[in-house]
Amino acid sequence: MAIDTRVAPKIKHHDEEYKVIGTRPIRHDGLEKVTGEARYGSDINLPGQLHGKVLRSPHAHARIVSIDASRAEALDGVSAVITSADLPDPGDKLTTGGEAPGLPVKFKSANMLARGKVHYHGHAVAAVAAANPHIAAEALKLIDVEYEVLDPVLEVWDAMKPDAPVIIEDLYTAKADGTTGEEPSNVAAEMLYEVGDVDAGFAEADLVVDREFTFGVVHQGYIETHNATANWLKDGHLHVWCSSQGAFTIRQELADLLNHPITKIHVVPMEIGGGFGGKTTAYLEPLAALLSQQTGHPVKMAMDRADVLKATGPTPGGYVRVKMGVTNDGMITAGYANLAFDAGGYPGSVVGAGCRCVFAPYNMPSAKVEGFDVVVNKPKTHAYRAPGATHAEFASETVVDEICRTLDIDPVEFRLKNSAKEGDWQLAQPPYPRIGHIECMEAARDSAQWQTPLETAPGKKRGRGIASGFWFNIGFTSSVIAKLNSDGSVTLLEGSTDIGGTRTSVAMQFAETLGIPVEDVDPIVADTDSVGQTDVTGGSRVTFATGLAAHNAANDMKDQIAEGLADLWDVAADAITHADGTFSANGKSASVREAAELLEEEGVFPIGKNTVTPTREGGAFAVHIADVEVDEETGKVEILRYTAVQDAGVAIYPPYVEGQMQGGVVQGVGWALNEEYVYDDDGHLLNASLLDYRMPTALDVPNIETIIVEVPNPGHPYGVRGVGEVPIVPPPAAVANAIHDATGLRMSHLPMSPPRVQAALAAQA
Amino acid sequence: MATEILSGKVHVQTTINGEQVDFLAEPRESLLEVLRDHLGLTGAKEGCNNGNCGACNVVMDGALVNSCCVLSVEAAGASIETIEGVASPEGLHPLQQSFLENAALQCGVCTPGFIVAAKALLEENPNPTEYEVRWWLAGNLCRCTGYDKIVRAVLDAAERMRAEA
Chain A
1 MAIDTRVAPK
11 IKHHDEEYKV
21 IGTRPIRHDG
31 LEKVTGEARY
41 GSDINLPGQL
51 HGKVLRSPHA
61 HARIVSIDAS
71 RAEALDGVSA
81 VITSADLPDP
91 GDKLTTGGEA
101 PGLPVKFKSA
111 NMLARGKVHY
121 HGHAVAAVAA
131 ANPHIAAEAL
141 KLIDVEYEVL
151 DPVLEVWDAM
161 KPDAPVIIED
171 LYTAKADGTT
181 GEEPSNVAAE
191 MLYEVGDVDA
201 GFAEADLVVD
211 REFTFGVVHQ
221 GYIETHNATA
231 NWLKDGHLHV
241 WCSSQGAFTI
251 RQELADLLNH
261 PITKIHVVPM
271 EIGGGFGGKT
281 TAYLEPLAAL
291 LSQQTGHPVK
301 MAMDRADVLK
311 ATGPTPGGYV
321 RVKMGVTNDG
331 MITAGYANLA
341 FDAGGYPGSV
351 VGAGCRCVFA
361 PYNMPSAKVE
371 GFDVVVNKPK
381 THAYRAPGAT
391 HAEFASETVV
401 DEICRTLDID
411 PVEFRLKNSA
421 KEGDWQLAQP
431 PYPRIGHIEC
441 MEAARDSAQW
451 QTPLETAPGK
461 KRGRGIASGF
471 WFNIGFTSSV
481 IAKLNSDGSV
491 TLLEGSTDIG
501 GTRTSVAMQF
511 AETLGIPVED
521 VDPIVADTDS
531 VGQTDVTGGS
541 RVTFATGLAA
551 HNAANDMKDQ
561 IAEGLADLWD
571 VAADAITHAD
581 GTFSANGKSA
591 SVREAAELLE
601 EEGVFPIGKN
611 TVTPTREGGA
621 FAVHIADVEV
631 DEETGKVEIL
641 RYTAVQDAGV
651 AIYPPYVEGQ
661 MQGGVVQGVG
671 WALNEEYVYD
681 DDGHLLNASL
691 LDYRMPTALD
701 VPNIETIIVE
711 VPNPGHPYGV
721 RGVGEVPIVP
731 PPAAVANAIH
741 DATGLRMSHL
751 PMSPPRVQAA
761 LAAQA
Chain B
1001 MATEILSGKV
1011 HVQTTINGEQ
1021 VDFLAEPRES
1031 LLEVLRDHLG
1041 LTGAKEGCNN
1051 GNCGACNVVM
1061 DGALVNSCCV
1071 LSVEAAGASI
1081 ETIEGVASPE
1091 GLHPLQQSFL
1101 ENAALQCGVC
1111 TPGFIVAAKA
1121 LLEENPNPTE
1131 YEVRWWLAGN
1141 LCRCTGYDKI
1151 VRAVLDAAER
1161 MRAEA
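Quick note, the sequences are listed as chains A and B, same order.
Counting along the first sequence from 1, when you hit position 756 you're at 756 in the numbering used here, and nothing is skipped either side.
Counting along the second sequence from 1, when you hit position 90 you're at 1090 in the numbering used here, and nothing is skipped either side.
Bear in mind the hints are in silico, worked out from the structure with no lab data behind them.
Computed from a predicted model, the values in this text were never measured in an experiment.
Think of the CB as a built atom: it goes at the ideal place given N, C-alpha and C, for glycine as much as any other residue.
Among the hints, erroneous ones may be present.
Partial list, derived from the structure: chain B residues whose beta carbon lies under 10 Å from chain A [to be verified]: (1) Arg1036; (2) Gly1040; (3) Lys1045; (4) Glu1046; (5) Ala1076; (6) Glu1084; (7) Leu1095; (8) Gln1097; (9) Leu1100; (10) Gly1139; (11) Asn1140; (12) Asp1148.
Chain A with its partners taken away, still in its complex shape:
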């Protein structure tokens, strides 16, 4: 096949023309990343550093009777061993920052080093610092831990039973009505969202489809493993280098967990090798800090892949039930959903977000959604790209497909008729602003793939599926400090770690506003001492929120340049106009570069800055089309062709918008077809390697066709919507609907792995 260098189609629903926005410059940090010079967390080595490793529980659920580290401490080259006894008691403090603030710090602390009990296979029990990683690994084998093994509870439906073993003895259910349960329970929280009268809605329906779905645990699968290097100085200053989605969040967690003043903690964000929601919290940083404090040396720690899979935060498995009522002419009358997600070993799953997304693409007169956050003996789960939405919308989009089949209504027409649009309700949110679901659906309908009949092949089971997806996006807080240099270039400090080209998408917005080429902006991801508060790179928020901060900082710089020129030109600052990067007044004019030179002579060096917490993130919709072939003998599903359509608001940096779409699709395909944690009955994770937890390779997927739709977000000066997360939402449903088209099977578990599809085919025959 010849190289296809075409620029992917873009469908604009606005008339704005920009100079920088929408172009395809080479990213600012690209060179270092193709030469191997970019410095990721594990690439740092400090003089005199020791190496830390973590001892992990071999049991899924057990009481720790005793820990004896004396043999390990006696090993040559071992400098320190720590357990939870070395951590301060967090009391009743609640977490701040991160993607899920408001959880008890005691749970985070106990997840980092087990306190009295282990809650999952791989739970950290102790940590050592030694002269090199091999000695540290030897030392782990010399730590004697006595366990009293308890019965594990692995699935939400078991953990919710009244007679289930209770994992956290003092956990009482936070009920949806604000009351607290009376007996200790594995159900940490219940939630309820309701709009309209669902009973009346279902009574009006001519057809009700009610289905149950289950989910395995999946991991974000970032290629870089977690790491942290800490240097605790004798005056209490703590320096930490790590690859996290948010340096400020790590700083806050270190302060919370170590009871250490935040002003003494300095976190340096190194390049980060993927995160997808899984690197929004500390695992190793506090341990490295404590070990450094105890030994007086810098301490470097890095997980191996088995540690990452066993003991970081995968995204939940669980259960979703979706019931929808429709009239014979295909109008939705009511929706009901019930979601129960694994929180893992401590409370706090992403079930609430799943609840609020389950019916998001549709406008319906009534809906009721119940959610349950359930503690089980698996690792504490975390966000994974549009957290909770993929589970929820796999269920609802499969039910929608069944409705369309049953009523013989075209799935595009059905979705267009029932689509959510501006002004329609959202669960627990203000009504929708301008959104682009209808525009995405129309673009999918008009796409090359949808317009080309599926190619049949004799003896092959092939099918086509379509599905919608929604994700909110998040605002949070972002900061930018931009310094005008004397040559007219700008050094732009931002707090958002760059996981996929956001240095450039932020710099492009700054350049557009100030009217300079993007190559004149040098974007730097700064440490926590050097830039204002910035929350995690997550929630599809960086190009939206940090981009807004950059736009505001550029306007601040414009004002300062105008004030400087006003003095020189002896005019009022507000008499100076700015257009296309040129400042003018009274027949005088200066480009940004000329202004910088003039101001330098006066000793004026403008610094534009902004910290912003925007709330009008706009929301993101996607529509995907999958063509598949199902191998009847093996149950293997092959993706033949795939088109992803997405409303980007305005695509600031299109090649990387396409990249987010394509990457999200392939993660979603992995989730749909293959990826799943496999446990034995005792709760041991059996596939903690990248051989056995098999993510898609280049050979498993085709090229992913992308269509960017631009329905500008009214809540952003350039119309930006976050793009990073929603592309993972539709793939499992699009693939499931294609499998149904090919075989007549309705798959109700993710992943739809070969053995499951094969078994379903056998049962069908």
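Starting from the known structure of chain A, fit chain B onto it as the hints suggest.
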């Protein structure tokens, strides 16, 4: 190649990116550990430490290997090429340029491995099909890009290199 045991460490002589390099290593240390932790060549990354992700790819005596699965002492007498040796003083390798222009990286942590692996492919097969590129690169995991732009970048670089040859 003679090696010498010095206080539990082995003296290894090898050639890395065309230059003779001597190092001392424990026999249990992998080539990846030596490259990264002793020699400061941190372009090769550890993603799995058991040969499943390709982030640590280097070329050893002409063969593409996972350096996490090579013991450092096996490097004695070998010629090793790492990502740090791919660009020349004159500029980037066409693959590096093509990765930049095709936006074939996101987080970038797998990128050195992909470029080293793709370079080995194009030296063996200057005119691969899309399928051949995908087959060859199936030993390298990327979790960000979905592979589309990587495959295009490799095909694009192959075309440029054929035009220059």
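Taking the hints in turn, this is what the structure says about them:
1. Arg1036: holds (7 Å)
2. Gly1040: holds (8 Å)
3. Lys1045: holds (7 Å)
4. Glu1046: holds (7 Å)
5. Ala1076: Where the cut-off is 10 Å and the nearest Cβ of chain A is about 20 Å from B:Ala1076, the hint is violated.
6. Glu1084: With Cβ-Cβ at 5 Å, under 10 Å, it holds.
7. Leu1095: holds (8 Å)
8. Gln1097: Constraint on B:Gln1097 satisfied, holds at 8 Å.
9. Leu1100: holds (5 Å)
10. Gly1139: With a closest approach of 8 Å, the B:Gly1139 hint holds.
11. Asn1140: Because about 7 Å separates B:Asn1140 from the closest Cβ in chain A, which is inside the 10 Å limit, the hint holds.
12. Asp1148: holds (5 Å)
In terms of the numbered hints stated before, the structure departs from hint 5 and from no other.
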